[in-house]
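Can you build the whole structure from these sequences, using the hints too?
There are 6 protein chains.
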Amino acid sequence: MSMAVVVRNVARTDISVVDALAEFGVATVHEAQGRTGLFASRLRPIYRPIKVAGNALTVEVAPGDNWMIHVAVEQAKPGDVLVVTPTSPCEDGYFGELLATSVVAHGVRGLVIDAGVRDVAALTEMRFPVWSRSVFAQGTVKESVANVQVPIVCGGAYVRPGDVVLADDDGVVVVPREQAESVLERSAAREANETDKRERLAKGELGLDLYSMREKLAQRGLSYVDFVEDR
Amino acid sequence: MSMAVVVRNVARTDISVVDALAEFGVATVHEAQGRTGLFASRLRPIYRPIKVAGNALTVEVAPGDNWMIHVAVEQAKPGDVLVVTPTSPCEDGYFGELLATSVVAHGVRGLVIDAGVRDVAALTEMRFPVWSRSVFAQGTVKESVANVQVPIVCGGAYVRPGDVVLADDDGVVVVPREQAESVLERSAAREANETDKRERLAKGELGLDLYSMREKLAQRGLSYVDFVEDR
Amino acid sequence: MSMAVVVRNVARTDISVVDALAEFGVATVHEAQGRTGLFASRLRPIYRPIKVAGNALTVEVAPGDNWMIHVAVEQAKPGDVLVVTPTSPCEDGYFGELLATSVVAHGVRGLVIDAGVRDVAALTEMRFPVWSRSVFAQGTVKESVANVQVPIVCGGAYVRPGDVVLADDDGVVVVPREQAESVLERSAAREANETDKRERLAKGELGLDLYSMREKLAQRGLSYVDFVEDR
Amino acid sequence: MSMAVVVRNVARTDISVVDALAEFGVATVHEAQGRTGLFASRLRPIYRPIKVAGNALTVEVAPGDNWMIHVAVEQAKPGDVLVVTPTSPCEDGYFGELLATSVVAHGVRGLVIDAGVRDVAALTEMRFPVWSRSVFAQGTVKESVANVQVPIVCGGAYVRPGDVVLADDDGVVVVPREQAESVLERSAAREANETDKRERLAKGELGLDLYSMREKLAQRGLSYVDFVEDR
Amino acid sequence: MSMAVVVRNVARTDISVVDALAEFGVATVHEAQGRTGLFASRLRPIYRPIKVAGNALTVEVAPGDNWMIHVAVEQAKPGDVLVVTPTSPCEDGYFGELLATSVVAHGVRGLVIDAGVRDVAALTEMRFPVWSRSVFAQGTVKESVANVQVPIVCGGAYVRPGDVVLADDDGVVVVPREQAESVLERSAAREANETDKRERLAKGELGLDLYSMREKLAQRGLSYVDFVEDR
Amino acid sequence: MSMAVVVRNVARTDISVVDALAEFGVATVHEAQGRTGLFASRLRPIYRPIKVAGNALTVEVAPGDNWMIHVAVEQAKPGDVLVVTPTSPCEDGYFGELLATSVVAHGVRGLVIDAGVRDVAALTEMRFPVWSRSVFAQGTVKESVANVQVPIVCGGAYVRPGDVVLADDDGVVVVPREQAESVLERSAAREANETDKRERLAKGELGLDLYSMREKLAQRGLSYVDFVEDR
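Chains as they are written, first to last, in this note's numbering: chain E, 2 to 232; chain V, 2 to 232; chain L, 2 to 232; chain A, 2 to 232; chain Y, 2 to 232; chain S, 2 to 232.
Don't take each hint at face value.
Restricting the straight-line Cα-Cα distance to at most 25 Å, the calculated cross-link-like pairs of lysine-lysine (BS3-like) are [as the list claims (entries may be wrong)]:
| no. | chain 1 | residue 1 | chain 2 | residue 2 |
| --- | --- | --- | --- | --- |
| 1 | A | 217 | V | 217 |
| 2 | E | 204 | L | 198 |
| 3 | E | 143 | V | 198 |
| 4 | Y | 143 | E | 143 |
Don't read these hints as lab results, they were simulated from the structure.
This is the structure we're talking about:
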């Protein structure tokens, strides 16, 4: 007997915060929150360049069974991103053009799935952003129930409904809802700080000097020798 | 002592049926024939978007040895697609610009290979469609014979010479020759059926209602609860 | 106690030889030097088409630690390509937009790394050529010293500082410094030889005849039979 | 600036419940809690047969850096099992004979690590149970701090300090602390239920009859035909 | 609508031939039939040493769904070996102690599965031979029908019901039913031939001489030089 | 035209040094030489416990072609260990019982191969130590020449003929010939140093104190907090 549950009306992160986070890249946001929240690198975008930010609408699915994605659509609110995880590893094509058409009609901005998708030519033409583990035409059944809008592990990251999911060419990161505003501030600060560095580096200043690394390098045992030809 | 054979004048699927199947995607055709015939997802296209349909010209090759591809060219008929499988796993670059030039001259439409290819910049410029396991410049020798135009397993799929091979951005599927016409009909029926669904989903109708899923979901034990903040 | 060393003023291959090699593809050069020097196929370009040739500036890095790349920048000379290998397998994002800005200012032409990179949207926009094992936003620390400009194994290839590294859509190959000129000559000879073949193959001449393969095939036991329908 | 924390005096599951759970296998307990809590199959035991149950002592480690395992030892209580996860994928040998000697002295019963271990000959002789992603002699540094006794994701499973970790030849499962007693009861019930089934199956009764599957199979479209020789 | 079928009373290979093949190893039989029929090396035994030969009882299963194994038991005849393939890649634990108890009662000698198994401690104690892709406790459902006793691709090998499956520490090989007797003869001849070679090699005779390789090596361009110290 | 060479009478490391190194484990020796020389963790022993040390007899082989192993036997001297690397990735069974019989007759102590082996039941019974990438019965041909006793990259490690290869349950490490004596001394020193530590750790002394880590941990930002129940 399954005991699966759909949690309705989950609290989301304020959409203005979500949209503001979308101004930054995944690498920046990941750094700004102490290098946490990254999804595994096996989740790759189906086209490039690509970018999305939204509130996580979390979905568990059985292997080879995409029924719960259909269930999840009803729970969608504008600004959501579907975050789908199979209950055991699977690379089947859980999601294609029809489902994309459906979720777009409900304001869903994109899909992050630790499994496969299909119809990627159509999804690319629609510019519907997807990060997936595989591209695979294999169809799925609708027989097993599982949870929707509960905390999940997807691509090795712990994601709660309503957390912010940000994804770009580099991959996917999750920002916990209650930290979204402070991460936003720190992302902005980090980027401001990088502007100056970028200019100095572009002029040829060495990171060794910019970051004052030489003394620490010597302490750790780095030494310099000159090249001698006869190898 | 090797006992390899080349089968000449293999019967092909009628080219008009092949070309008609090319109107549909791999996902559709795979569904239309009962979710069978897909190649493993490790076979990826070298560029996108991409599409081909043709009659399978099957080739076995020894690991690190592309001799039999040269042998296969002589057996090619316009509308064929090369389907190449190594007798043990190998990712060497079995196929490049010269072989592509040669097979195009004999009417070959594309290549599906559970191994590697090279010269992919040139192949892309030629728009010669290729699905491969890897891109690898490693050269191959010409020392071992193997079978041409016999039934093979390629990418986990069982393929007989003259079966239809259809491939697009989603991957590769094989349609048995004797089923090609009926699969074509069912693909058309399936696509027609999807047009109406797509429109209704685009207007926001839920799959839950369109497919009448609610009762079965309840029977399987799915329940709904409202979100409570303090997790 | 670490005992890491930076070798200064390493001898490079003459830049005119390097640039001349860039006229040829990785597959051609790999063949021209006896099918040696290829990097593993897991090193893939971050965009396509892509091409670079340069003198190897070799860098060892600890897992999750990109400190030595900063050290290496000071050793760069115009025409160098960074070749970076982790001392144990790692897919973290060792290199991004800031480092790219820095190395470009010092004349570095590209990066080959058997680990991960990030900011690939920006790197693509800059057209800074990169071959990497993964794309991953994971940040790295600056705590452990390692060697710069010593012989390394990267992607399974043995690379010495100042060797030529050539990379394109097919992958990466290293040419030992002392063989660069002769490999250049043989690459040119090989390509000249292929022009005639390409033309004959394009006209439909079979490789079987062009390469006189039929007798050897028969000796190795290949036979021909005609197709009989009733499988 | 790192902001790592060690949480002291974490509440554990009652050790009598932990020990009672050890009477059951991982497969049984996983089923008894609704098929949740399994670690990825890449975590394999270093010897067999093998079995352990304990309270999770959770440890984050930087790639190539085992410092936090040393920190964790001080937090150990008898009956704990170390659960170690790297902050990015790493297969280095984080744990060997010396650390095993140390943790055994503090009552630690075993190790689950989504990374590598070394000295496995000695660990096997000590009969110190370990489940790891790899066996690799690669040494680690002690430079980066990370969290100890906070909730982590290890092998794709979400684990909180003080949860029960059960592991055997089949792999690893986590039981949330607050559910440990009820899972224990359900495990016992499940096993009792299986005894009768096992006897009937051993006598040759078919699962088809024991589980009354025939009608449902027919409804789903399964049919029977007799073999005809001429394939 | 599923259209799955169970084929009853499939013809088997004569059991005396099957048992005689069991005298030989997988490597020998694979060679004796022209280096064909090997399953992929990812199928590994759950204990060692191990050996089985039997008639293939073929089973297709949906991902995460072991229903058809229950269906297959009814079709078993003494001397059969279950050969199970998922319709898309899956590593769930399709088979454990209860199913082993059941199939043993029906004369099944072992299991080859391109997916996962569980209860491996119990299976090992029962000495029930299993070759699988993974060990994973993940449970499976019983919702989707698929074919039993039809030709399948398992581990990349094409297997028809009633073919001989032979498996040992080296892996798994299939022998087509109609070739079983001749393969048996050739296996015996091959092994007889090796006895003499083994004795001569054990006495120190070189393979270079035993197989008369020196001339061919020279023709292919192998040369000998003496070591010079100063590399 | 191949240009392969066999180097005869390569200088070896003094066998007494080799044998003395065999007293230490791979992990210890790897540490003693500055954490260098490890082979990739994909090279696993075919049985356990296992141990060997010897002088590297290096062999390149073409994919699917074991000819050069036969050539190498003639170059063997008592105390050698075969180190075999394919020129492109291959998992075929290059080595089995007959070759083992032959090399043992020439004093070869074991095999390290970045490819596959077969007859592992027999090799295990003979207690012939092997570390390989795979176990696979796939046979190989004898058609392509390659180099013997030249420097190679095997499993990502750079190995020269006559270097010491040490392998145990943890994997494989190479010690450069000219460093063998000093690495031996440092290994002994390292092990002596560990004896005292092991005793203190066994008595419950914390690594935090034994290694005086507390101050550095605090400086790096580690803090301690007490557990609060209500998560």
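Here's how the hints hold up against the structure:
About 15 Å separates the Cα atoms of residue 217 of chain A and residue 217 of chain V, which keeps this hinted pair within 25 Å; it holds. Note on residue 204 of chain E and residue 198 of chain L: the hinted pairing is violated, with a Cα-Cα distance of about 49 Å set against a maximum of 25 Å. The suggested pairing of residue 143 of chain E with residue 198 of chain V holds, with an alpha-carbon distance near 17 Å, which does not exceed 25 Å. A distance of roughly 13 Å separates the Cα atoms of residue 143 of chain Y and residue 143 of chain E; the hinted pair therefore holds under the 25 Å criterion.
Going through the hint list in order, the structure does not satisfy hint 2, though it satisfies all others.
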